[in-house]
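Visitor: Now for the letters of each chain:
There are 4 protein chains.
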Amino acid sequence: MADKKIKVGIVGGTGYTGVELLRLLSVHPNVALTTITSRGDAGLAVADMFPNLRGYVDLTFTDPAHSNLEQCDVVFFATPNGIAMQQARQLLSKGVRVIDLAADFRIKDIATWEKWYGMSHACPDLVAQAVYGLPEINREAIRGAQLVANPGCYPTAVQLGFMPLLEAGVVDISYLIADAKSGVSGAGRKAEVPSLFAESADNFKAYAVNGHRHLPEISQGLTAMANAEVGFTFVPHLTPLIRGIHATLYAKITKSVDLQALFEARYADEHFVDVLPKGTHPETRSVRGSNLCRIAVHQPQGSDIVVILSVIDNLVKGAAGQAVQNMNIMFDLAETSGLQIVPLLP
Amino acid sequence: MADKKIKVGIVGGTGYTGVELLRLLSVHPNVALTTITSRGDAGLAVADMFPNLRGYVDLTFTDPAHSNLEQCDVVFFATPNGIAMQQARQLLSKGVRVIDLAADFRIKDIATWEKWYGMSHACPDLVAQAVYGLPEINREAIRGAQLVANPGCYPTAVQLGFMPLLEAGVVDISYLIADAKSGVSGAGRKAEVPSLFAESADNFKAYAVNGHRHLPEISQGLTAMANAEVGFTFVPHLTPLIRGIHATLYAKITKSVDLQALFEARYADEHFVDVLPKGTHPETRSVRGSNLCRIAVHQPQGSDIVVILSVIDNLVKGAAGQAVQNMNIMFDLAETSGLQIVPLLP
Amino acid sequence: MADKKIKVGIVGGTGYTGVELLRLLSVHPNVALTTITSRGDAGLAVADMFPNLRGYVDLTFTDPAHSNLEQCDVVFFATPNGIAMQQARQLLSKGVRVIDLAADFRIKDIATWEKWYGMSHACPDLVAQAVYGLPEINREAIRGAQLVANPGCYPTAVQLGFMPLLEAGVVDISYLIADAKSGVSGAGRKAEVPSLFAESADNFKAYAVNGHRHLPEISQGLTAMANAEVGFTFVPHLTPLIRGIHATLYAKITKSVDLQALFEARYADEHFVDVLPKGTHPETRSVRGSNLCRIAVHQPQGSDIVVILSVIDNLVKGAAGQAVQNMNIMFDLAETSGLQIVPLLP
Amino acid sequence: MADKKIKVGIVGGTGYTGVELLRLLSVHPNVALTTITSRGDAGLAVADMFPNLRGYVDLTFTDPAHSNLEQCDVVFFATPNGIAMQQARQLLSKGVRVIDLAADFRIKDIATWEKWYGMSHACPDLVAQAVYGLPEINREAIRGAQLVANPGCYPTAVQLGFMPLLEAGVVDISYLIADAKSGVSGAGRKAEVPSLFAESADNFKAYAVNGHRHLPEISQGLTAMANAEVGFTFVPHLTPLIRGIHATLYAKITKSVDLQALFEARYADEHFVDVLPKGTHPETRSVRGSNLCRIAVHQPQGSDIVVILSVIDNLVKGAAGQAVQNMNIMFDLAETSGLQIVPLLP
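Protein chains in written order, with our numbering: chain U, 153 to 498; chain D, 153 to 498; chain B, 153 to 498; chain G, 153 to 498.
One or more of the hints may lead you astray.
No distinction is drawn between identical chains; accordingly, a pair holds when it is met within one copy or between any pair of copies.
With a straight-line cut-off of 20 Å between C-alpha atoms, the simulated EDC-like cross-links for lysine to aspartate or glutamate are [as the list claims (entries may be wrong)]: (1) 430 / 416; (2) 404 / 381; (3) 407 / 381; (4) 267 / 222; (5) 246 / 277; (6) 430 / 210.
FYI, nobody ran anything at the bench for these hints, they're computed from the structure.
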């Protein structure tokens, strides 16, 4: 049985997406966790850094230079932007499949990527080849992909919320608004003053209103869905949650349809997208720790404005869980394998 | 000097707006706290219920039936909706001025009020006479008012944010959106499951998307500013803050103007509205405990969408502080008297 | 395979221990969730009350009067104190095994129980028969038990922390101190003002210093371990966590031993008690959502005072998880069945 | 009038004690804020870093090299440990009085200080001259002091709690325990991973159990009160509060006295120490933002153990507020001047 397990490597496992991958993969029935690298913490037992993993992960961080990543079946990059594009080609050339949880392969237009990420891209050809790993729209392409660009957290919540509307062509695409709120873990496990408890607890603020890196990623996706350029305003906010994204989406209806039925039909076969009953309000905690996206559809006061509420756990469906979902698809496992997790409430 | 102090009574001091009035009035240099009533807690020392007031407030809750409210110069109603309308007439007839922190006198159209608040109005004539207590637009009327309807918390943050745009006629008034986020104290000091710590901590959700009671109040105000009926969508959210409202407002620009200059000019003489430098993001904690509203103006990516960020402390500028500001105006005190409070940060 | 599953009923599933039982049991491989009762919410779909369970639990609350609890193999009582003692006898008489998560069967001395819980006990004979469900000390008795008294949350954390010291007789039992801190979910899903977010967030306090109901339960356990009456001081505190208990225990060492080795030996075979390396500090989040108790042993500054730090998730090892552990033992399942949950961090 | 104001300088105003000094001093009626220095942020407007101060503080951080600190009447050091000892002598030589909020002058025994703080002391003679700024025990010495060592946060809460017991000689001084809990602002405004929101929210842990720097400071104070060496165990914990310390103190009673009366008598004339009624439990929020210490006395179950509950705001009575209180004493102002702040609740 053990020889059938997928050998998994993780590059850069010291951030929140890394520890979340470990939480999910350490009890995944079809996975053998093989290698986890960290330049800075090589030699340290993973469970010494993340005590929740004591008893579940007995790996030690290894130096990337001495890792055996090339013997893995798949390697996840849970690294800062700009790392995977340096290392993916060699792994791919050895037949190792790659899932990048950072942004290196998400945006097809290289100039756009370079503008927003402030660096030259190391391998534009791989960008062309990469598959954007949003299973609800790209499942078949993911199945055969060697290189998957795992979507960003905001882009997952926002695209899943707008998708049925844009595909059906029932809203004015020139004036789409996403007012999104994220928990502080979205900023990563980086020592920065604005992410301190004493700075972000009991506090709420917008940030990057003039332009967040997830804006071009979302615009690319919405434009593909609408098959036309969209006018899109994106305002992210920081809210005192550990985990969770709540996207509130606004659009003007141009064609009268049963919106509830539209959403239910679109996601009828999607295990990880749950369309709630009409008139309800999804809570971020209702997906805490799970790979679910829950969505509710509103048309307030019978006006011509549709309001979509879309929640995910930014570290799961917005990062590590979606990456595992992609792995499951790539290796012909049950898509829910290792992801049957009841959200933690309260 | 003591004989010059304003004699103040409070009806219903056991909720959060009540204790906040006490925090502000107990150290207000021109106020003599005279009476505070509570039917349920008569006989209890106020400081036994609210230990922060030990040493500052030595009043005991008195039964409304035996209070001497009629000897006060002004009475604040910090009661549930529907109480002030029963008791205001008698006080007014004795020359006592009244400030209602609830909603009884906010909406001029009686039918609208009755629909949203689910009861018959006891005194429509007093509604006509009442002055809506938003000083930034109604200062002169407030000065002479006998009866002030103190605005709601969301309405304060939203109206102050939209006001310069609507007065100047520079946005499309058919498609105004307010995505507002409130701390849990906004739900009051009521024992209800959704307001429990274990329910609302580490959680974020929208609520009342199909219609919140503050919607008609805001619509009334925006319509007055625009001098035409507005199309307005209002989505409130609950966020794990104790205090604070953050309103994110969206509108389509129809006339090119220097928005930053427009806002700075409009609020140049307003002590309690602070227009932040262009491109900044106000935090709710930057107004915590104070009567300030801080506003920032954005035009993301140079598009024709204006995004206004407006923050207040829901218990101060959104309730008790604004009520004190109204009292200061009514009694010809310095408008800032008792309200020179530096926000608590961190 | 399905016919081998244990048929499980839950009485009173609308509180936090109830929803936590459902979270654990809905994905337990050896369990068929059969019935869940609620007098007040009969007819309501469980997942409508607890949206995290959508897709995992499709039961509806049934009225206790019309439930088929007697056809279950085991029934959990997740009810307020005083309910299980009214209903256990009939179930036991039908051969249904019973696990009570409340306090009805925890305290052997009936007079003591009646004093602390303020009611007459309905079935003292069943108290005598009941097994106290702390597996780390009572495993064999639990295996054969018909009626299990699941320990309280504080008692679990405190007893597991003191146990090795008292069993080994190495501390002064006349002066034991437990300074314990609990998350707010410990107060249950009850609408009470002190548990409101706006009351308990950003706040810390002790409570019930003069006597908490868990005091006699812990004293009974410590006395049994020490085989002599102990002098025990217990001070519980409320801390702004959703979940988690941290017990800090103090005792005076009377006999020089290697304390670290003592603890490691005592818990060497216990899957759910994790003795941390010397000098470390367990965090409550390191057990969040899991059935683990993590313990660290300190002897500050080489003095003769031993300080034990013991953390659990109050809803899991302190309630529902320990109940499932007991069920696993009673039905000869692997003790970890359904409880292999990696704690959620961050 | 302005010429009578005390000219105040602050060294190192970019941390939490710095911004808190500014909050208090900017509205202090007898203070003229003159200079605030920061090496790293010279040239930046203070209110750009701390937006709560907009409208209250219009100073700009100046480089220490070009500041005019010597023209101040008093200079506060809100710096890391080891800075004030380098700069105090020169200021003192010019007649400038100095209040150090760091630890440089708190511990009289130089060897002890050097061991715990890991550096050589630059001016042992000034340590001898410095007055420990706990007004409740040292008021007269403070009045004439040129150099005040402002106490640490834990030491303030713990010493005020033990003081009446030790001065009266009614407890066993060989076995004193302080189990203390602090909010995260106690760690300062430093970018460090353990202080991140996603690390410290919904989490509770002990830290530094084997030895915290406040241990020798507290021991020195307790020993002085008891006039004999004490056996003292100190266990600090991190709790998800922004502000607040709750110290729970344990001691064995050796002499029967009316403890409540003892505490009330000891603090009868102390404005900032509030002895609560017997049997109550102070909350940290009941002192939030204020200079108060609230204390409750318990003797659980009538045993011979006394439990003292002592709460302060770590940034006010535990730092900046106490420093202002010391300044008021030094300059013969009313001790409460600028400190009449009603705690913010909720």
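Visitor: Next, verify each hint and record whether it holds.
Guide: Hint check:
no.	hint	in the structure
1	430 / 416	within (10 Å within a copy, 42 Å between copies)
2	404 / 381	both (16 Å within a copy, 18 Å between copies)
3	407 / 381	within (19 Å within a copy, 24 Å between copies)
4	267 / 222	neither (32 Å within a copy, 50 Å between copies)
5	246 / 277	within (17 Å within a copy, 70 Å between copies)
6	430 / 210	between (46 Å within a copy, 19 Å between copies)
In this structure, only the earlier hint numbered 4 is contradicted, and the remaining ones agree with it.
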